[in-house]
Amino acid sequence: MRKTVLLWIMAVLTVGITACGSAEKAEAETESESEVKSYCAYVISLGTDTIEVDIAEYITDEDTERMRELDLTEGDMPDGYYIYNPDETTETLHLTKETNYTFIDWGRDFVDADLYEDLLISTTSRELFRSYLKTYRNSRPGMPFFLEVEDGTVKSILEKPFM
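First residue of the sequence shown: 1, per the numbering used here; consecutive thereafter.
Calculated lysine to aspartate or glutamate pairs in the EDC-like style (CA-CA distance at most 20 Å, straight line):
| no. | residue 1 | residue 2 |
| --- | --- | --- |
| 1 | K160 | D118 |
| 2 | K160 | D79 |
| 3 | K160 | D54 |
| 4 | K97 | E148 |
| 5 | K97 | E52 |
| 6 | K155 | D49 |
Hints were generated in silico from the structure; no laboratory data involved.
Starting from the given sequences, assemble the full structure and let the hints guide the process.
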């Protein structure tokens, strides 16, 4: 029983972590009757109720087929991933008051902490997220965020550590 539960948890985590790693830029999964899509995207700008993003493809070293297609080697992904973004076409997505923003307060602008877990900030405050984006040059982080989108509306925006 414990092995079954452990395997189930590992499978769920694997799907969540590799959601941006499909050959297509967004991998959809069905939730109830709505379609939820996962995107790996660079934030271009944050509007009043929209976000402009440049969608990219997050490829892990486990996606050997996609690595072959792009002629990537493990040397191209020393940290276990490769961000493929052949064009810089942007998309505008809708935000709601329920959109959840989770980011890492690297500069300790919002919390005074040393532990990574304490640097994670999760909020539905768009203004707090906007303040976080302003900590970057030109208000544009250099690494992508991971978005969950349902029917054109962003449900969540997540920053993951890249190391």
